[in-house]
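Visitor: Construct all of the structure, not just a fragment, from the sequences and the given hints.
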Amino acid sequence: MRILLVEDDQDLQTSLAEILRDAGYAVDVSGDGVEGLFFAEEYPLDLAIIDLGLPGMSGLELIRKLRAKERRFPVLILTARSEWQDKVEGLEAGADDYLTKPFHPEELKARVGALIRRAAGHTQAVIEFGPFSVDLASQRVRRGEEEIDLTTYEYKVFEYLLMHPEEVVTKTDLSEHLYEEDSDRDSNVIEVFVGRLRRKIDPRGKMNPIETLRGRGYRLNNPQRAS
Amino acid sequence: MSLRMRLVVLAALVMTVSLGLVGAALDAAFYRSSVAALNSRMESTAYLVLAATEIDDDGSLRLDKELGDPRLGQPGSGLYAHVHGRRDHWYSPSSLNQDLPELPPVRPGESVFLQPGAGRDYFIFCYGVAWELANGSRLPITVSIFVDPKELRKEVSAFRAGLGTSLGAAGVILLLAQLLFLTLGMRPLRRLTRDVAGVESGRTQRLEGQYPRELEPLTRNLNRLLETEKTNQTRYRNALDSLAHSLKTPLSVIRSSMPADTAAKSSAIENAVTDMQRLIATRLQRAAASARSSMAPAVDVGRQAERLIQSLGRVYSHKMIDIDANMDPGLAFYGEQRDLLELLGNLLDNACKYGHGKVRLRAGPLVADKPRAGIRLSVEDNGPGIAPDARRTLLKRGVRGDERVDGHGLGLAIVLEIVSAYNGEIEIDEGDLGGARVSVVLRTQ
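Chains as they are written, first to last, in the working numbering: chain A, 1 to 227; chain B, 228 to 672.
Note that these hints are calculated values from the structure, not bench results.
Treat the hints with caution; some may be incorrect.
Which residues of chain B face chain A? A few of them, derived with a C-beta cut under 10 Å, are [as the list claims (entries may be wrong)]:
id : residue
1  : Thr476
2  : Gln504
3  : Gln564
4  : Gly572
In silico SDA-like pairs for lysine to any residue, Cα to Cα no more than 20 Å straight-line [to be verified]:
id : chain 1 : residue 1 : chain 2 : residue 2
5  : A       : Lys109    : A       : Thr14
6  : A       : Lys109    : B       : Met485
7  : B       : Lys546    : A       : His122
8  : B       : Lys546    : A       : Leu99
9  : A       : Lys109    : B       : Ser544
10 : B       : Lys381    : B       : Ser304
11 : A       : Lys171    : A       : Arg219
12 : B       : Lys580    : B       : Asp656
13 : A       : Lys171    : A       : Lys109
14 : B       : Lys457    : A       : Gln85
15 : A       : Lys65     : A       : Glu89
16 : B       : Lys580    : A       : Phe103
17 : B       : Lys580    : A       : Arg118
18 : A       : Lys109    : B       : Ser484
19 : B       : Lys580    : A       : Ser82
20 : A       : Lys200    : A       : Tyr155
All residues carry an ideal CB built from backbone N, CA and C; glycine is no exception.
Guide: Have a look at this one:
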């Protein structure tokens with residue numbers, strides 16, 4: 001999943017980006033509101049983390065403008081202003097959650113995960129899909145009782161497909177949501193990941209949960225319904 | 228005494244004195260002129276009598292029956308005449324039964340006018356003449372006219388009554404006019420009072436009206452005071468905020484830079500960072516409390532609670548929480564909106580976090596018919612509640628990190644600061660929903 005982090009304090013920005021990338025997210029960063037707005041309009045994001053005290057354009061204004069432009073991804077506010085007046089203003093401007101500084105990195109990861117899950121319609125951290133059970137918090141995948149060992153990118157692809165079940169997901173969608181801007185993307189790599197993922201989650205080839213739609217992309221189908 | 232009362236009394240006093248003086252002057256003038264007129268009339272009567280007088284060759288007096296003034300012929304008419312010759316006296320018929328005083332003769336050519344006074348009951352006019360006899364000798368004669376003061380006194384009384392009535396009427400009219408002028412004149416003051424009340428209630432931020440020149444220094448200074456207070460408050464708040472901000476970001480960096488593996492040292496740092504966070508939050512509240520404005524506009528408690536409930540709905544959208552707000556309609560809080568939001572926000576947040584899906588908020592005025600006195604409110608949930616020992620710890624201000632009851636701690640610490648800033652009270656007990664209930668009283672006067 002792809003996250004935009006708008007934070008003007010360089011140290012914090014670097015440290016947070018690292019934490020989020022370690023957790024498997026693709027992170028785009030910006031240090032001011034105007035640039036942040038541009039990124040939010042241009043990139044296909046799954047979530048934005050916005051600090052309220054930004055130069056150029058205030059965090060609140062950025063959020064309002066985002067919403068006005070129909071960008072619907074969840075927004076998490078980071079703020080040193082811990083007063084409720086400010087939290088309420090932020091939430092009224094269109095944010096979905098807030099985190100006050102200083103905060104636990106664990107708390108940040110948990111909130112981000114929860115927001116992304118909620119946006120996809122899941123209230124629990126564990127998604128059940130057919131015979132698969134995926135714990136989004138710990139990033140563990142099970143088929144029935146058996147745990148499946150996936151690499152980071154294999155898991156990312158699976159998670160993204162799980163968030164858009166029964167939908168057509170193009171290769172571009174995948175590469176844009178799994179990689180940051182300016183990263184070296186190769187659509188062939190996506191094919192490789194999908195192939196490997198298929199072999200790991202369906203070793204006997206009986207279920208075929210990931211359907212290839214030639215020229216369009218992939219679709220994750222619920223195997224139980226298919227049969 | 229009110230300003231108006233004072234002005235009315237002074238005006239009435241001045242008017243009474245002036246009208247009194249005028250009345251007295253008029254009265255005296257009338258009396259003098261009446262007496263002078265009487266004097267002239269008595270002189271004329273004296274000539275009349277003289278004209279009717281005949282002196283015989285032997286010097287004896289004889290008067291015509293017709294005296295010209297019929298009153299001289301009526302006994303008790305109030306007009307009496309006396310002529311004094313060498314040896315004889317003549318009294319007018321009207322002087323029957325009158326006890327007229329004896330007077331010394333007056334030298335020819337001279338006249339005397341006497342007013343009633345000590346021992347004298349009449350106005351008296353005496354005129355002396357010298358009568359030339361046939362034999363060439365001169366006979367001195369004195370004509371005296373007496374007038375009963377009764378008639379003059381009646382005239383003066385009538386005049387006085389009329390004067391009293393007129394002056395009285397004039398006084399009443401003037402007083403009414405004065406009251407009217409006072410009302411009109413005091414209008415700018417009443418307008419000023421209304422405008423100040425408008426600033427107090429928060430409808431306006433400054434005194435906007437047109438005021439007369441004399442009030443301008445007052446309104447100018449008042450506006451300046453209001454502005455200064457607002458500017459100072461803003462400046463102070465901004466200073467505190469920027470201080471807090473500049474502290475919190477480095478704290479975040481410390482937090483996020485700490486390695487995930489919890490060695491004993493990093494746990495100590497962890498606690499220190501948490502304590503710093505709490506200190507900033509609570510001390511900030513306390514310091515901001517001293518910057519509170521005395522002229523805070525009324526805050527709509529229902530509306531602010533609504534905002535909080537909606538916000539909490541977003542944050543806790545994954546939990547099904549039913550927040551029941553039971554508040555007095557139109558309830559107003561005469562303190563800072565920021566403080567109300569902070570207090571309610573923390574209480575409701577705790578209830579959402581630790582309750583099991585049901586929260587109830589109740590709020591009402593502290594004193595039934597005095598909205599400015601303050602408000603009382605309570606937040607309860609259906610969670611596990613707070614044990615009595617823990618309650619005591621939580622309600623102690625300035626609790627240290629290691630003594631803190633996790634979770635509830637920071638939120639309640641801030642609530643405590645606000646309650647203290649508003650001279651209020653706080654109590655934790657068990658509510659009807661089965662969980663914790665926090666009840667708070669905030670005083671705004």
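Visitor: The structure should be examined with respect to each hint, and the outcome stated for every one.
Guide: Now the hints, each set against the structure:
| no. | hint | verdict |
| --- | --- | --- |
| 1 | Thr476 | holds (5 Å) |
| 2 | Gln504 | holds (6 Å) |
| 3 | Gln564 | holds (7 Å) |
| 4 | Gly572 | holds (3 Å) |
| 5 | Lys109(A) to Thr14(A) | holds (15 Å) |
| 6 | Lys109(A) to Met485(B) | holds (15 Å) |
| 7 | Lys546(B) to His122(A) | holds (12 Å) |
| 8 | Lys546(B) to Leu99(A) | holds (18 Å) |
| 9 | Lys109(A) to Ser544(B) | holds (18 Å) |
| 10 | Lys381(B) to Ser304(B) | holds (15 Å) |
| 11 | Lys171(A) to Arg219(A) | holds (11 Å) |
| 12 | Lys580(B) to Asp656(B) | holds (18 Å) |
| 13 | Lys171(A) to Lys109(A) | violated (27 Å) |
| 14 | Lys457(B) to Gln85(A) | holds (19 Å) |
| 15 | Lys65(A) to Glu89(A) | holds (14 Å) |
| 16 | Lys580(B) to Phe103(A) | holds (17 Å) |
| 17 | Lys580(B) to Arg118(A) | holds (18 Å) |
| 18 | Lys109(A) to Ser484(B) | holds (14 Å) |
| 19 | Lys580(B) to Ser82(A) | holds (17 Å) |
| 20 | Lys200(A) to Tyr155(A) | holds (11 Å) |
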